[in-house]
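Student: Chains as they are written, first to last, in our numbering: chain A, 7 to 277; chain D, 5 to 172.
Incorrect hints may appear among the rest.
Covered by chain D, according to a simulated footprint, are these stretches of chain A (three or more residues, beta-carbon under 8 Å) [unchecked claim]:
hint, region
1, 47-56
2, 257-270
Facing chain D, a subset of chain A residues (Cβ under 7 Å, in silico) [to be verified]:
hint, residue
3, I19
4, L22
5, F25
6, L26
7, M33
8, S37
9, N59
10, A60
11, N62
12, S118
13, Y123
Keep in mind the hints are simulated off the structure, nothing from the lab. Don't be surprised by glycine CBs; every beta carbon is placed ideally from N, CA and C.
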Amino acid sequence: MQRIINFILSYRITFLYVFLIVISLIMTVRSHSYHQSKFFNSSKWITGNVYNNAANISSYFQLRDENNRLVQENEELRRLLFNSEEKSNVQIDTTTIDYEVISANLIKNSFSSPRNYITLDKGKKQGVAQDMGVITPKGILGIVENTSSNFSTVQSVLNTKSNINAKIKNTDYFGSLIWNAQEYNVVQLIDIPRLVPLVVGDTIVTGAMSSIFPEGIPIGTIKKYDLNTSKSFYNIDVELFNDMANVKNVYLIKNKNRKEIIELEANITNE
Amino acid sequence: MNSTVLINILRFILLVLTQVLIFNTLNFLGFINPLVYVIFLYWYPIKGDRGVFMLSAFLIGFMIDVFSDTMALHAMATLTVAFVRPIIMRFCFGVNYEFQNFSFKNTTKVQRVTFLGLLILLHQIVFFTFEMLSLSHILLILKKVFATGIVTLFVCTLFSSLFSPKSE
Numbered sequence: 007m008q009r010i011i012n013f014i015l016s017y018r019i020t021f022l023y024v025f026l027i028v029i030s031l032i033m034t035v036r037s038h039s040y041h042q043s044k045f046f047n048s049s050k051w052i053t054g055n056v057y058n059n060a061a062n063i064s065s066y067f068q069l070r071d072e073n074n075r076l077v078q079e080n081e082e083l084r085r086l087l088f089n090s091e092e093k094s095n096v097q098i099d100t101t102t103i104d105y106e107v108i109s110a111n112l113i114k115n116s117f118s119s120p121r122n123y124i125t126l127d128k129g130k131k132q133g134v135a136q137d138m139g140v141i142t143p144k145g146i147l148g149i150v151e152n153t154s155s156n157f158s159t160v161q162s163v164l165n166t167k168s169n170i171n172a173k174i175k176n177t178d179y180f181g182s183l184i185w186n187a188q189e190y191n192v193v194q195l196i197d198i199p200r201l202v203p204l205v206v207g208d209t210i211v212t213g214a215m216s217s218i219f220p221e222g223i224p225i226g227t228i229k230k231y232d233l234n235t236s237k238s239f240y241n242i243d244v245e246l247f248n249d250m251a252n253v254k255n256v257y258l259i260k261n262k263n264r265k266e267i268i269e270l271e272a273n274i275t276n277e
Numbered sequence: 005m006n007s008t009v010l011i012n013i014l015r016f017i018l019l020v021l022t023q024v025l026i027f028n029t030l031n032f033l034g035f036i037n038p039l040v041y042v043i044f045l046y047w048y049p050i051k052g053d054r055g056v057f058m059l060s061a062f063l064i065g066f067m068i069d070v071f072s073d074t075m076a077l078h079a080m081a082t083l084t085v086a087f088v089r090p091i092i093m094r095f096c097f098g099v100n101y102e103f104q105n106f107s108f109k110n111t112t113k114v115q116r117v118t119f120l121g122l123l124i125l126l127h128q129i130v131f132f133t134f135e136m137l138s139l140s141h142i143l144l145i146l147k148k149v150f151a152t153g154i155v156t157l158f159v160c161t162l163f164s165s166l167f168s169p170k171s172e
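All chains should be built: construct the whole structure from the sequences, respecting the hints.
Tutor: In structure tokens form, the structure reads like this:
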């Protein structure tokens, strides 16, 4: 017994190292295939507040750009409103609205690692919940992964775990949007069958298969495409509309029917 | 003794904040974010308990991880560097670093930069390999290791000459 204790004591540094490295390995490798950790992420109180205070200071330097961007968006929305057929006599009835929108500010951005997460300054208290879609005026940004009472983390489209349903605009051919961790303004659309006619510059939008994003939210344009190894599907490089390095104001989308859709789908798989 | 502990705690907090708020948002050339907090391991006193050293290295890495949503990647990299530091020191300064009267003052500039460079290189290799965790991205990993490593070495050398620790 004495010998065992002596042995452990003389190698205690190595044991400490092995112990800690195994813990961190388990955490890291798990996060490659499963969700981000619930306990250690940047939506927590300390991290959220540090980022929030820093963002409060730095946001003053971008106010002019941000204002211009919002005015542009308003202009676009006004144009849509004036040209819509029904004009202003649209009945706003809360029971018929499918999607709710919450605005938020981005307080931490990241786009250089293979698994990028974004932190927002709205949380459970403001009605943010897991699996809400996040968009900017130009296009999609990601999906909410974790929330705390005042902050939330978003899994960016620039994340190798990201998998979003997307289609070619004005057709019904849909595929999955993934990222190969190479360039921060290019994502990949896969599983588009080879018989689909493609043109460089075609617009890609979100598809109707997902209960997270509404159909038709812009994503980007086709940059280049080629067939995959089995020669039956296309691999398409999509250039994003969003400048992922410069995002400030975002919108969170809540699908009111999502719960019902998920319950319904769960019933099918059970039978 | 007490002032050393205090200085290290202060250094810990300041390095985490600078890394997270300044260097993580740098994105130089689109992907280079120098990991300057490694200098904590360079500055950490040579004498003293190795267990405490390893634990504080693990903690500083883990704090950065929590801030940048990278699970335990930074923790793993700094822990490995902390574990291997004595071997790197013996390589850079010869056997005499184990003597009581050893201090950075009796070493040449080249020795110190080599020491810092090796710490950074090892840290980058562990960090980016586990970040990707796939051999098919080996070129991307190498590109990141060298590009980020050189910038990190540059910034750390600046740091170490600007705020050189006088107490040790």
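Student: Among all the numbered hints in the text so far, which are the ones the structure does not match?
Tutor: 2, 5, 9 and 11
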